[in-house]
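A.B. asks: Spelled out, the chains give:
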Amino acid sequence: MATHHDHDLPAGEIPKPQTKAIWKTFFILVALTAVEFLFAFTMDAGTLRNSIFIILTIFKAFYIVAEFMHLKHEAKALIWSVLLPMALVAWLMVALISEGSYYFESVTNYFR
Amino acid sequence: MSTSTTLEAPKSGTWDGGNEPLKASYGKLMMWFFLLSDAFTFGAFLIVYGLSRHKHLPYTGEPEAFTFSTEYWPIPEKVFNAFPGLHGMDLPLAFVALMTMILILSSVTMVLAVEAGHRMDKNDVQKWLLWTILFGATFLGCQAWEWAHFITGTDEGMLLADGTRVFGANLTVNQYGPPLFADLFFFITGFHGTHVFSGVVLLLMIFINTVNGVYHKRGHYEMVEKVGLYWHFVDLVWVFVFTFFYLI
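Here the protein sequences come in this chain order: A and B. So in our numbering, spot 40 of the first sequence is number 53, and the numbers just go up one at a time. So in our numbering, spot 112 of the second sequence is number 126, and the numbers just go up one at a time.
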């Protein structure tokens with residue numbers, strides 16, 4: 014910067030940190046991860062357990078994107094322009110996983 | 015801001031750059047759309063994982079009786095059960111839990127750096143950026159160990175029908191299950207690790223700039239915010255990799 018003004022503030026002029034919401038989000042994320050591990054070790058594998066994992070993951074993703082990445086406080090149009098394409102990705106996932114199941118079903122049944 | 019010279023005064027007309035689409039600065043907006051495109055790539059990786067997993071025979075027996083075989087997809091808990099320094103112990107997902115904690119912590123220190131930037135508190139920005147770099151580098155170290163262990167394999171390896179044994183993993187054969195399992199491990203965690211590495215490099219760059227007072231002179235710490243967005247995205251991807259690769 015060519016036009017540099019010396020404006021180092023004295024220490025007293027820096028406002029106090031506001032970190033309460035940040036640590037709250039952190040503890041929510043840690044708690045959700047702990048719950049995931051609880052289910053991983055106490056529950057038998059299956060569709061129900063997988064659904065619980067996916068729901069908890071979506072909650073974690075919400076807190077990271079909304080609070081840490083501040084998306085919750087951005088313009089509505091920005092929120093939608095990020096979320097809508099991701100909804101299409103979620104759809105692709107559902108479509109291709111059922112495609113994988115179909116492939117497996119047909120291969121195992123044809124050669125039995 | 016305290017210093018805005020006449021030279022730096024923004025033009026205010028709608029078509030002169032005075033208009034901010036979506037009420038976000040150019041840099042932040044571009045970072046959001048870059049991250050969106052990056053999310054497509056990671057989404058594609060995880061979708062391929064789901065597709066190939068459903069294409070393969072699932073393991074249906076008792077979890078206690080599980081042995082590695084190329085016949086069926088392995089149970090992740092049985093693959094990722096090692097911890098550095100505790101050789102031969104069965105500690106399912108313990109190491110990956112530690113890695114997850116390190117990355118969540120790094121995300122928190124990053125958001126604290128951004129918060130300090132809003133207050134123009136140079137010392138706090140430096141402190142929290144340094145913590146973030148430390149956690150990020152630690153995560154990379156953990157991943158290096160995880161890869162080394164995955165590639166080297168366990169003592170027993172996998173017994174094949176002809177009596178030979180396979181140890182560890184490469185792109186064509188592995189002791190844990192079908193070849194695609196190791197391939198997807200390398201590609202998904204490798205692509206994520208590359209992102210963490212780039213993130214640490216970016217963090218080092220903005221740390222040096224912060225120490226040199228570049229952002230203080232500029233009057234805002236928006237660059238810290240933009241790198242912060244990227245860093246949180248890396249954490250976000252790990253949340254999904256953790257669920258879809260390690261838990262399910």
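These are computed hints drawn from the structure, not numbers from a lab. The structure presented is a predicted model; accordingly, all values stated were derived computationally and were not measured. Note that CB positions come from ideal geometry on N, CA and C, so glycine has one too. Any given hint could turn out to be false.
Unchecked claim - If you want a taste of the chain B side facing chain A, the calculated C-beta under 10 Å gives, among others:
id	residue
1	Met-44
2	Phe-47
3	His-70
4	Ala-96
5	Pro-98
6	Gly-99
7	Leu-100
As the list claims (entries may be wrong) - Below are the DSBU-like pairs computed for lysine-lysine, each with C-alpha atoms no more than 30 Å apart in a straight line:
id	chain 1	residue 1	chain 2	residue 2
8	B	Lys-37	B	Lys-25
9	A	Lys-33	B	Lys-25
10	B	Lys-25	A	Lys-89
11	A	Lys-85	B	Lys-92
12	A	Lys-37	B	Lys-25
13	A	Lys-29	B	Lys-92
What the hints assert, rightly or not - Which bits of chain A does chain B cover? Going by a derived footprint, with three or more residues having C-beta under 8 Å, they are:
id	stretch
14	45-57
15	96-102
16	105-116
A.B. asks: Against each hint, give a clear statement of whether it holds in the structure.
C.D. replies: Verification of the hints:
| no. | hint | result |
| --- | --- | --- |
| 1 | Met-44 | violated, 12 Å |
| 2 | Phe-47 | holds, 8 Å |
| 3 | His-70 | holds, 7 Å |
| 4 | Ala-96 | violated, 17 Å |
| 5 | Pro-98 | violated, 19 Å |
| 6 | Gly-99 | violated, 21 Å |
| 7 | Leu-100 | violated, 18 Å |
| 8 | B:Lys-37 x B:Lys-25 | holds, 16 Å |
| 9 | A:Lys-33 x B:Lys-25 | violated, 37 Å |
| 10 | B:Lys-25 x A:Lys-89 | holds, 25 Å |
| 11 | A:Lys-85 x B:Lys-92 | violated, 39 Å |
| 12 | A:Lys-37 x B:Lys-25 | violated, 40 Å |
| 13 | A:Lys-29 x B:Lys-92 | violated, 48 Å |
| 14 | 45-57 | holds (count 6) |
| 15 | 96-102 | holds (count 3) |
| 16 | 105-116 | holds (count 9) |
This entry does not satisfy hints 1, 4, 5, 6, 7, 9, 11, 12 and 13, going by the numbered hints stated previously.
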